[in-house]
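Input sequences plus hints: build the corresponding full structure.
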Amino acid sequence: METKTTVSKKEEIKKVYLESGLEVKPLYTFQDEYKILPGFKEELPGQYPFTRGIHPLMYRKRPFTIRQYAGFASPEETNERFNFLIKNGQNGLNVAFDLSTQCGLDSDDPRALGEVGRVGMAIDTLEDFEIAFNGIDLDKITVSLTINGSAIVLMAMYFALAEKRGYDLSSLRGTAQNDILKEFIGRGTWIFPVDKSVKLVVDTIEYCAKNVPKYSPVSVCGYHIRESGANPVQEMAYAFCIAKAYSDETMKRNIDIDEFASRLSFNFDIYGNLFEQIAKFRAGRRLWAKIMREEYQTKKEESCWMRMIAGGGGAGLTKEQPENNIVRSAYYALISALSGTQTMALCSYDEAFTIPTEKSAEIALRTMQIMINEMGVCDTVDPLGGSYYVETLTNEMEAAIKSEMAKVDALGGIIEGVATGRVQEAVSRQAYEREKAMQDGNILKVGVNCYKKEEEKRTVEFHPYNIEAANNQVKKLKKKRAERNNELVKQLLAIVKDDAEKNVNLMPSIIAAVKEYATVGEIIGVLKEVYGEYDEPIFF
Amino acid sequence: MKVLLAKPGLDGHDVGVKVLAHALKEAGHNVVYTGLRKSVEEIVRQATAEKPDVIGLSILSGTHQILCEKLQEEMQRLNISIPWIVGGNIPADDVEALRKTGTMEAFPTGTQIDTVVNYISNFKSQN
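Going down the list, the protein sequences come from chains E and W. With this note's numbering, letter number 149 in the first sequence gets 167, and the count goes up by one each step, no holes. With this note's numbering, letter number 92 in the second sequence gets 168, and the count goes up by one each step, no holes.
Keep in mind that the hints were calculated from the coordinates and are not lab data. Some clues are possibly wrong.
Said to hold, decoys possible - Beta-carbon label-pair distances, calculated as ranges:
| id | chain 1 | residue 1 | chain 2 | residue 2 | range |
| --- | --- | --- | --- | --- | --- |
| 1 | W | G186 | E | L506 | 49 to 55 angstroms |
| 2 | E | R440 | W | Q188 | 25 to 31 angstroms |
| 3 | E | R440 | W | G186 | 26 to 32 angstroms |
| 4 | E | D516 | W | T191 | 53 to 59 angstroms |
| 5 | E | N521 | W | E117 | 50 to 56 angstroms |
| 6 | W | N106 | E | K232 | 38 to 44 angstroms |
| 7 | E | N101 | W | G186 | 30 to 36 angstroms |
| 8 | W | E117 | E | R183 | 39 to 45 angstroms |
| 9 | E | Y185 | W | Q188 | 50 to 56 angstroms |
| 10 | W | N106 | E | T477 | 50 to 56 angstroms |
To be verified - Covered stretches of chain E (in silico footprint by chain W; criterion: 3 or more residues with CB under 8 angstroms from a CB of chain W, positions within the stretch not fixed):
| id | segment |
| --- | --- |
| 11 | 122 to 132 |
| 12 | 202 to 209 |
| 13 | 237 to 248 |
| 14 | 336 to 342 |
Quantities reported herein were computed from a predicted structural model and do not represent experimental measurements. Think of the CB as a built atom: it goes at the ideal place given N, C-alpha and C, for glycine as much as any other residue.
See below:
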């Protein structure tokens, strides 16, 4: 029973609210946990609904995969950085592409001016992939492609590369980000109208289900939605709505949910309150399992798993006193490990400024290795399970995520909400509110609105833009265009276009075209002729 | 004041520009936003039509120098003159070179939103 206590003025304490709006009590006890979920029974990792982890032994069996985001300038230079990271103990690659590649433009396109190789590596033809992954065993190092708008082409290149190098597609592993719906909400590398964009994602899901069954064709990103201003509850809610939308569209092609659900994965963000994030992931795992089993009637256990990469936290890092970001990232890593992630990536401390140096990339890598090897985080599964606070918060977060998903349903679903711009509007309004809260000091950020230094000397080394690498990329592209069988390329591009018009799965024809060195820009170009381009609704 | 906020180039980071749009609107300014991935030519065309008092470019991919040079060229070519400011991932060392393109002011990430709003509110009296 609630009791009202009178406290003297002296004893009054400030109310605390999490970013998601949930109120935090100064103390949690046995009663809290049971009050929220009557009949609460003990949950175990590796068992439905997987709140405590998707595997029974989690890191005791194998620590999470370390997969740092890397890629810049040309495929040649990126290959060097890949080899550096692998030599230093990284066991997965997370590939960064430049904006021209992400937007489906060739390196010699006038719109790509100044962008070639700037924020990631430039890819024009399959030859570039051959160079970038030279000497890397695709069976041992799992590769994640951070690509969305032009994902179908880059995935086709990856499969073509694997086939050329003699790997069996039926056992090939890896991940593509390939979550276009979140690109409309944040990040912005959309190309085609919303419905056509979703169609392309579904093509890749269908193709992988039938031909590359171990590959994860989509990593649904709450990450960028959070970075764009969403709170942790919305991050999970929107991501689940998106994953459901892809599932629904895939099932419309008469593909059984169990044929692809286990290959859907998630990419989530970590910054802000430690306990809120941990509860977010535990709640998310439970809720996703329930959605998959109860709403989608999945039969396979793996179909209920919320597999994830969690880390990053770019929006939590600061340009002020950048070395503090090393400390922040270490906390983010701890949160990620305590949350039962499958894969971890951390931002380097200088990433708020520039492409990380080899040194800063190494510090981020070592941060995770120190945690695995020195801190005991891998010894026991879900070490915070049973904490009155964390369990209570997990329950509250689950309910909050569910009700946020209902709000999206009320907009007509996520596809409709994104197409009309309503979701973007809600997220951007929240980014503004957060900014105001930062300026008013209601959200504290060390070095930014408290513990500031008046004069700061820049200590970060800038990664210079490699104009020479960009020029060489253009030269290489022109040479390849001259060398290849252009008559054949023309025919293959015509088939891609024809398939787009016939509305059949485009993956086979795109794979055939990239094998003959059709460029990213050429393939996206013929698709634009059929689909047109997205007309962005202007909301803020 | 009428402000045209623009995203030139391929950069898709629009959190900052939208936050600024909200803040300017709340401060009573008339804000027009171009949306993502506009060419410099498109921005100048829109500016010619909208006749803003100031243009604000938001660039976070590092291409600020190239895009500002292009904007200067395009305005000169069409013989129009609208002052512009730039915000985004701009190292302090780049600001001088940016000014040479005609940029009035550069606001690197981390700048307080109020600072930009005040700059724009006082723009007429300054210039």
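Right, here's what the structure says about each hint:
1. The hint said 49 to 55 angstroms for the Cβ distance between G186(W) and L506(E), and at roughly 52 angstroms that hint holds.
2. Taking 25 to 31 angstroms as the suggested C-beta distance range, the pair R440(E) and Q188(W) conforms, at roughly 29 angstroms.
3. In this structure the hint that R440(E) and G186(W) lie 26 to 32 angstroms apart at CB holds, the actual value being about 30 angstroms.
4. Between D516(E) and T191(W), the C-beta spacing of about 55 angstroms keeps the proposed range 53 to 59 angstroms intact.
5. Checked against the given bound of 50 to 56 angstroms, the beta carbons of N521(E) and E117(W), roughly 34 angstroms apart, lie outside it.
6. Between N106(W) and K232(E) the beta carbons are some 55 angstroms apart, a value that contradicts the proposed interval 38 to 44 angstroms.
7. Evaluation of the 30 to 36 angstroms hint for N101(E) and G186(W) yields a pass: the beta carbon distance comes to about 34 angstroms.
8. For E117(W) and R183(E), the Cβ-Cβ distance of about 43 angstroms falls inside the hinted range of 39 to 45 angstroms, so the restraint holds.
9. For Y185(E) and Q188(W), the Cβ-Cβ distance of about 52 angstroms falls inside the hinted range of 50 to 56 angstroms, so the restraint holds.
10. One distance hint, 50 to 56 angstroms for the beta-carbon pair N106(W) and T477(E), is violated here, with the actual separation near 41 angstroms.
11. Beta-carbon proximity to chain W at under 8 angstroms applies to 5 residues in the segment 122 to 132 of chain E; the threshold of 3 is reached and the given coverage holds.
12. With 4 residues carrying a beta carbon less than 8 angstroms from a beta carbon of chain W, the segment 202 to 209 of chain E meets the three-residue requirement, and the given coverage holds.
13. A count of 3 residues in the segment 237 to 248 of chain E with a Cβ less than 8 angstroms from any Cβ of chain W is obtained; the coverage claim is therefore met, three being the minimum.
14. For the segment 336 to 342 of chain E, the assignment as covered by chain W holds, since 3 residues bring a beta-carbon within under 8 angstroms of that chain's beta-carbons and 3 suffice.
This entry does not satisfy hints 5, 6 and 10, going by the numbered hints stated previously.
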